[in-house]
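Student: Following the hints, position chain B against chain A.
Each chain, letter by letter, is given below.
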Amino acid sequence: AQSVTQPDIHITVSEGASLELRCNYSYGATPYLFWYVQSPGQGLQLLLKYFSGDTLVQGIKGFEAEFKRSQSSFNLRKPSVHWSDAAEYFCAVGAQQAGTALIFGKGTTLSVSS
Amino acid sequence: EADIYQTPRYLVIGTGKKITLECSQTMGHDKMYWYQQDPGMELHLIHYSYGVNSTEKGDLSSESTVSRIRTEHFPLTLESARPSHTSQYLCASSGTSGGPEAFFGQGTRLTVV
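Going line by line, the protein sequences match chains A and B.
Residue numbering for the first sequence follows this note's numbering, beginning at 1 and increasing consecutively.
Residue numbering for the second sequence follows this note's numbering, beginning at 1001 and increasing consecutively.
Next up, chain A with everything else stripped away, as it sits in the complex (with noise of 0.2 Å):
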């Protein structure tokens, strides 16, 4: 079954920490992956997205993801936080085709602390 899993429901990172957010999928086909930001009241935001190439994709606001086919991962990195990162993030994979629609993970809740 198609499926991904954001492990950490909540993470607290201190302002100025690093921060790793955790993704794994499970998909049939050789998947898209994107992440996205969410602040309250808000729509989603793409941050960054792989499709082919480079493992390693830069986002906007400084973050990067890291694709590791072998472990069926896409995990989010920031090397500095800053407060206007508190947000839910979701991680979501889709087919090649294109429109087809995207499955998301329940989403990871990033509050930084000062």
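Because the hints were derived from the structure by calculation, they are not lab data.
Each residue gets a CB set at the ideal place from its N, CA and C atoms; glycine is no exception.
A portion of the hints provided could be inaccurate.
Claimed, not checked - Examples of chain A residues lying across from chain B (beta carbon under 10 Å, computed):
| hint | residue |
| --- | --- |
| 1 | V4 |
| 2 | Y32 |
| 3 | F34 |
| 4 | F51 |
| 5 | G53 |
| 6 | V57 |
| 7 | I103 |
| 8 | F104 |
| 9 | K106 |
| 10 | G107 |
| 11 | S113 |
| 12 | S114 |
Tutor: Below, chain B without anything else, positioned relative to chain A:
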């Protein structure tokens, strides 16, 4: 500026009322989607459309209905709202190129009292 819009942003309505949540996109995308999101839960696909006059039900059963008469417009209707319909509804679209990347609206927070 190309974007995707949802109205209203917030709606509180009484049980039994008929409601329509609006979604419009200016990106010329063929594919459009409705997701339902409850707190602490993943997004569940409830409806999707691959083009005009094409609509399909998603993975999560929903009492809502959708229509796609114009490419840019994908409204969702609840004929008789119930408290169990209280949720956030997110509309998204994707194009024919660039893979399945989806662009989301701001969402509609629906509360049925």
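Student: Determine for every hint whether it applies to the structure shown.
Tutor: Right, here's what the structure says about each hint:
The interface hint given for V4 (chain A) is met, as the beta carbon of that residue sits about 8 Å from the closest beta carbon of chain B, less than 10 Å. Using the Cβ-Cβ criterion of 10 Å, the hint placing Y32 (chain A) at the interface with chain B is satisfied: the shortest such distance is roughly 5 Å. Given the 10 Å rule on beta carbons, the hint for F34 (chain A) holds: about 7 Å separates it from the nearest Cβ of chain B. With a cut of 10 Å, the hint placing F51 (chain A) at the interface with chain B holds, because the nearest CB-to-CB distance is about 6 Å.
About 13 Å separates the beta-carbon of G53 (chain A) from the nearest beta-carbon of chain B, more than 10 Å, and the hint is not met. With 10 Å as the threshold, the beta carbon of V57 (chain A) stays out of range of chain B, its nearest partner Cβ sitting at about 13 Å, so the hint is violated. Hint on I103 (chain A) holds. Least Cβ distance to chain B is approximately 8 Å, under the 10 Å limit. Taking 10 Å as the C-beta cut-off, the interface hint given for F104 (chain A) holds, the closest approach to chain B being about 4 Å.
Checking K106 (chain A) against chain B by beta carbon gives a least distance of about 4 Å; that is within 10 Å, so the hint holds. Because the smallest distance between the Cβ of G107 (chain A) and any Cβ of chain B comes to about 7 Å, under 10 Å, the interface hint for this residue holds. Interface hint status for S113 (chain A): violated, as the beta-carbon distance to the closest one in chain B is roughly 21 Å, over 10 Å. For S114 (chain A), the suggested interface contact is broken, since its CB lies about 25 Å from the closest CB of chain B, more than 10 Å.
Hint compliance for this structure: hints 5, 6, 11 and 12 are not met, and every other hint is.
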